[in-house]
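Read top to bottom, the protein sequences are chains E and D. Be aware that the first sequence starts at 1, since it is given in the UniProt record's numbering, and climbs by one per residue. Be aware that the second sequence starts at 1, since it is given in the UniProt record's numbering, and climbs by one per residue.
In short, the hints are calculated from the structure, not lab data. If you're wondering where the values come from, they're calculated on a predicted model, not measured in any experiment. For each residue, glycine too, the CB sits at the ideal point set by N, CA and C. It is possible that part of the hints are untrue.
Covered by chain E, per the in silico footprint, the following chain D stretches (three or more residues, Cβ under 8 Å) [as the list claims (entries may be wrong)]:
#1 46-60
#2 66-78
To give a feel for the contact side, a few chain E residues facing chain D, derived at Cβ under 7 Å [unchecked claim]:
#3 177
#4 180
#5 187
#6 277
Here are the chains, one letter per residue:
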Amino acid sequence: MTTAAAPVRAKRVLPGFTLSLGTTLLYLTVIILIPVLALVLKGAEIGPARFWAIVSSPRAVAAFQVTLIAAAIATAFNAIYGLLMAWVLVRYEFFGKRVLDALMDVPFALPTAVAGLSLTALFSANGWIGAWLEPQGISIVYTIWGIALAMAFTSVPFVVRTVQPVLEDLDPGYEQAARTLGASELAIFTRVVFPQILPAWLAGCTIAFARSLGEFGAIVFIAGNLPFKTEIAALLAFIRLEEFDYNGAAAIALVLLFFALVLLLVSNRLQAWAARHRGV
Amino acid sequence: MISISSLTKNFGQTAVLRGIDLRIDAGELVALLGPSGSGKTTLLKIIAGLEWPDAGALKVNGQDWLTLPAQKRRIGFVFQHYALFPHMTVRDNIAFGLTVRPRAERPGKSVIAAKVDDLLGLLQIPHLADRFPAQLSGGQRQRVALGRALAIEPAVLLLDEPFGALDAAIRRDLRRWLREVHQKTGSTTLFVTHDQEEAFELADRVVVMGEGRIEQIGSADQIHDRPSTPFVARFMGAVVELPVTLRAGRVEAPGLDARGLERRAMADGPAQLFLRPDAIALEPDAASPWTLAHKTSTGAMIRATLRHETSREIPVDLPRHSAPDLAIGSAYRLRPLSGAVFSLEGTAPTEAPRPVVSLKEKRT
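Next comes chain D alone, as it looks inside the complex (with noise of 0.2 Å):
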């Protein structure tokens, strides 16, 4: 089991980390995800050992792993870029972290080449025995460093963009396969992604990291349906934001119907909503501020854009068989299927909305 807590870390003037608090059970199969400059891969490498924090603790199992150097935590850890040792083969590379250990506890020469093999079959690559990295596609070499890093049967296996470099078709069979991997070793396995598909497809559980922070720690379904913060919800493809009242429990905004939005228990007053162009239906309302201004087929879906009053526009993604036949410059009203609001007086959202008003202004 992983204990982290309190972790912060900075780069200079910049805080890359501030204040991680994040328990993992064994066996777990966890993913960071988040965009570039969110702490995450800084986390892992911390982790790891390669990476020292400011404050903060990190236990292992009941054991202090700050006071521990890389080479004693026994992880395995698999390199965005996989950096395999390029003078080495197949086998080498795999067999390297069982061959540098010190001569009273290394493994005879016999149980390390069957243990390679091992490995080469759960990886399904033991015709690559004897080739050089240089020899291998992408795929095949992310293979090798997973390989690689299980050898030494580690106590946490974490991985950094584990596909990132990959293309889409062996991304999928390489994710599949990841999973039957960690489901027979049944190693504690922590993954650093920034493709939310990958992460919900791939993970028990999703740790949702922005600037430094965690925002969100959930299963798929929550972290969708129920961003915690406007950043997990602008992150989850929330791009709409709208600026509304909350009355009674209930948004309202001029051109908005929200009867399909659950009611919050929140606190009457100004609110944001944030909204997924592909869960908002249109209706035509004469009285909403609200124009077509125009739209595109992609073939399975219409793009429309919405133009307000105040000459602001939203894109809606409808699906075109059931799209009514909508008229560049009528109104209509938006009806939203699913939806998050926030209230402007609560949780500061950590980075200041782009559209309307501006939050920032609000807050100070």
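Isolated chain E (complex conformation) (with noise of 0.2 Å):
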């Protein structure tokens, strides 16, 4: 005679996955979720005709282009300066290297505003060092140039950090396979070492990119804000805002969350293409 086994329920290795997960879900939508469905339908609310109207005014516009110029701007330095600070935190070993190691952080920890202030007073016509570029007929303060340096300023971190951690982890024997095969140093970077940290690095400077299209605070300071010259789209913003013009600020806003989704998806189809390899 047999008997039906009973049915062995597989039990989780941690208890209270529903209530983590819900609790999770939860902040997720009130954090996240809400406030940018809310911004849509703001958006939505508008009208077309009315939101083009306001996004397209000449304004607008100008914000928009010098907010991704200078994001741009900021956005290629950070590249190059994040993979080569990077690379020396890892590769090298140097008196300083552990302060050097956590002042990559400062811009994380501090305020944008003390960052912008001290950026506006160090590179002002009689700051340090805009009392030496002046002269030269270079003027960094109230200009595109200022608002790309406070922009790389406060993203630089989000390079060296995501590159940093690949960079260690990079197993040491890829680099001596290559050398004895006879590769050149330039060799061993450029084919074996920088396309394993490409993703990483693509994923680093998207998100220094997003992060410089939103940046507020510091950019106040030291951009001037004059309209069609200095003034960023968040401030644009902001201005509306103050103006009690709510769509104006949503429509504004609604381009900068769809330029910000936009890299988001570009950088995850980058980061899957850089990795194409790993899949099974």
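Since each chain sits alone in its own frame, please combine them into the complex, following the hints.
Here's what the structure looks like:
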């Protein structure tokens, strides 16, 4: 005679799965989904014609332009500087390395307004650096370069901190293998090391760019905020809000949101492409 | 031909190599055998140019390799964990050593492709050419790693624990196959292993290393039958160490019937006898200080434990069908079938043996 075996229920290693997932999903909804949804709904309320009129107004277009160009400059700089910094921090031993490593987090920790103030003080015509640059005909403060500078300052840790761990985990065997196979040091970097840190580097650059698009606190001090010249999109949205023009603010914010989403998508695609060999 | 002399290397306070002298002839297949920490991998990496010695000389075919960077040595190095480039296909991995050459020395695309196809055939993996390393099994990765090393037609082929990460059945297959590849390519090959069976089965000559020194160089039989130092004897599985007295070339000790051992041309005096547990027979002898403490059967073998008067215990492995009816508590004398003897005054062992007599005290 056989008896039916009682079904065995697999036990989860950690209890409280339902509770923990529920909490995090709720939090995600309250903090991220609802605000984004509200923004989109607010934008939809305006109506397409009105929306287009707001975002294609000369002042808004100029603001988007300034924001995008400055963010592109800042990201291009950070892409190279951040990679170099990560390389130096991982590959070399030198006096003060730990201090330098800790300093890389300062832009994260520093209030952006403080960063903006100190950058302005340094680069204004009578600041330490500005006093030296101004006679050469180079002005940073109240130009797009100042905006890019502030963006670069606040977003460089994103590149360093995404590349650094990947570089640290890179098996030295790859480089040794390439060396025994006769590869020059340059070939080792371009053909063996760089392709492997590429996905992380792309990810870091994308986040740095996205962060630059949204930077506000550090920029408003150094930019001068002249409409059509050095007014960034986030500031324009803020000004519209101050004027109780909620629709105007929402429309500009929506465009920024759109940029951010497109960036995320592009970044994911690029990373998937760069890491295509990892799939099994 | 590789010629190594007086090579030393320290990592900080730790001496990793303490004077290595070794000659390897062209076309030879040599194993560096030793426990972990014996310096064998460091020696291999120095030959490859991935580590640099503190002193000594390394010459290959008369050329001083210590002035050559790794890139210029034309070596094929197979890493323990293969170190295949994960972002390249199998084909690109194998071709790497050819495609990185400066433009002037680089073979044409079609030449490289043909060469890679040849190697894929030799490695018996043509169907894997377009896969990425992440999509391969351990044995397949091993083949690709070897192919990548062979592509540059290396002057010397170096393999670091080539089969260490694979399971037993695949190891045996790959061993036979590596032997074939060696016969076909004829390249001077040096590999590192801690597995005796692997070393003896594969290599023409085995170099046994321990604690930064070469303990013995020889064939499987030589090392097995005539270990030249206590270290080698112990490494070869002679874990039973008995204090004995040498008299007229014969070893003597209570409860020991050493007639099965050949005479040694050694001075009289205290000595240490090294025996493998499976090279000891037991005979009933009421006068022996050894009594049977317990026994278990593994099916083919009986593992007996004998206890000395001094309550020291030794293991003895006997074939079950030929073993007498061993009675627990009875006294037996030991009759070694083979063994190694080292005089306590003679060659100092590199490591103090654990049992009974403390060699350290006698040595100092």
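Requested in this report: Return the numbers of the hints above that this structure violates; sort them in rising order.
Outcome: none
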